[in-house]
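> Chain residues, written in single-letter form:
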Amino acid sequence: MGVRRRSGSFILQVNPILCDGFGHCGELAPELVTMDEWGYPIITAEPTPYNDARVHESARYAERGCPRQALRIRRVSD
Amino acid sequence: MQRNALPRLMHAASTRPLSLVQHEEVFATTQRPASLIDELDASGLTGRGGAGFPTAIKARLIREQRGHKFVVVNAMEGEPASHKDQTMLSTHPQLVLDGAEYLAAIIGAKDVAVCVARDNPTIVNHMERAIHERSRRSLRGPKLELHTPPWRYVAGEESALVHWLDDNESLPQFRVSRPHVLRIGHAPVLVDNAETCANVGLIGRFGAEWYRGLGTSKSPGSALVSVTGAVRHPIVLEVSLGTPLREILASAEADTNPQAVLLGGYGGSWLAGEHLDLGYCNEELGLHGVVTGAGVIVVLPRNACGVVETWRVVRWMANESARQCGPCAFGLPALGEDLKHLSTASRDPLGAFKRLEERLGEIDGRGACRHPDGVVRFVRSALSVFEHDFNNHAHAHACAASRATTHYASVPHLEREEELVWE
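Protein sequences, first through last, are from chains A and B.
Per numbering that gives the first Met the number 0, the first sequence starts with residue 0, numbered consecutively.
Per numbering that gives the first Met the number 0, the second sequence starts with residue 0, numbered consecutively.
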């Protein structure tokens, strides 16, 4: 039961067609998501390392908490 | 046909489309290139629909896929200022079909779908006849089919078109990463613009070496441009890539001392009148952040107001949004409102100016397709080219030209939201 280290990094990706601007992601992952004036998410384009466990956890919360299931965590190769 | 003579695509063009027999006389050739894909690679042909992606790379991507495949000829021509595909299909429909058959042979497709917007019955008729002539000639080759989706700006976007062919609405689709293989059912699809197909037709007949006889080393060949705005009459010209813009305007009998020209289409960019000595090709225009795009040139004379023209185009583009993605559905009308306050210089134009600049950064790159990005690029280029006018308008000094009733960038009438047909 040690700390699991994962290599690589991820981005949070929104499907803009599915997204209806519920705004849950902004609450659940404020490190990655800001809101525009119409309530749609602006997600940071920089990849986050999986090692950053706190941010990865909120990204997972946002992914699972999206009422429209519009968010995905995608591994980026680097 | 000679190696470095124009016209190529418009060779022996008349007011009637050429029949198959006439076509084979006009484009008669003795030698056929051995390997089409290598010829296509060597020719350096790029897509003429707007994105300018190398055709050979796209064809190779689909060729690697397995199973039943489709070639889609995109002659939807969403740009209101563009008439090139229409011209291509009403002069040389067989050349376009030639290219489509070559592409089908390259990727191993058994079906070719030609997509023409149903709003233009003349072109639909020409195409029906051309396809009929071919199918009477022989049973070999891919099966040709004509499809007529409803005309919309974004319906000509490749994912929207393929989605429509797959018995759905003609709405752009979200792609997780690019390049992305579009599919009808499970079958991979190669989508190419009609003019691109015509160029492939020429390469298939005369080879890459011949094709490179015109144009520059990085942008070989010729392209069709639709010149509108301050011209004697709107015209479609075939030019060798790299021809100076001033020459193109002169041969179109356009205003040769314009304030600015709009290049690429309504998702394109304005280019200030001082830069008309640039050659018409991406490597020269790219220095100014401009692309040749869909081959549109809108000439804006000195007595017109760039702010008003920009507003009218953005208002129409906002209305043509498919309203699927929030940033596009809400952002583009918001840009339109800001530009409206600016162009009339009323209701706090300075505030509108500041809001406009902020919003441009927010909308960029956040739609499923490139529609919002195109509008943002268009407005950004307007802000730099018409900087002086925008400043005057923002400080409530609207120019006299902004009250004129003549406009140069033509837009179709605005349809109400409930009238929009996606089918």
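These are computed hints drawn from the structure, not numbers from a lab.
Just so you know, even glycine gets a beta-carbon here, dropped at the ideal spot from N, CA and C.
A couple of the hints might just be wrong.
Facing chain B, from chain A, some residues (calculated, C-beta under 10 Å) [claimed, not checked]:
1. ASN14
2. PRO15
3. TYR39
4. PRO46
5. PRO48
6. ASP51
7. VAL54
> Run every hint past the structure and note whether it holds.
Hints and how they fare:
1. For A:ASN14, the interface hint holds, the least distance from its beta-carbon to any beta-carbon of chain B being 5 Å, beneath 10 Å.
2. Annotation: A:PRO15 was flagged as interfacial toward chain B, and the flag holds, the nearest CB pair being 4 Å apart, inside 10 Å.
3. At about 4 Å, the closest approach between the beta carbon of A:TYR39 and any beta carbon in chain B falls short of 10 Å, and the interface hint on this residue holds.
4. Proximity of A:PRO46 to chain B is violated relative to the hint, the smallest CB-CB distance being about 14 Å (cut-off 10 Å).
5. Contact between A:PRO48 and chain B, as hinted, is not supported at the beta carbon level, the nearest pair being about 20 Å apart and thus beyond 10 Å.
6. Hint status for A:ASP51 relative to chain B: violated, with the closest Cβ pair at about 22 Å, above 10 Å.
7. Because the closest C-beta pair between A:VAL54 and chain B is about 21 Å apart, greater than 10 Å, the hint is violated.
Hint check: violations occur at hints 4, 5, 6 and 7; the rest are consistent with the structure.
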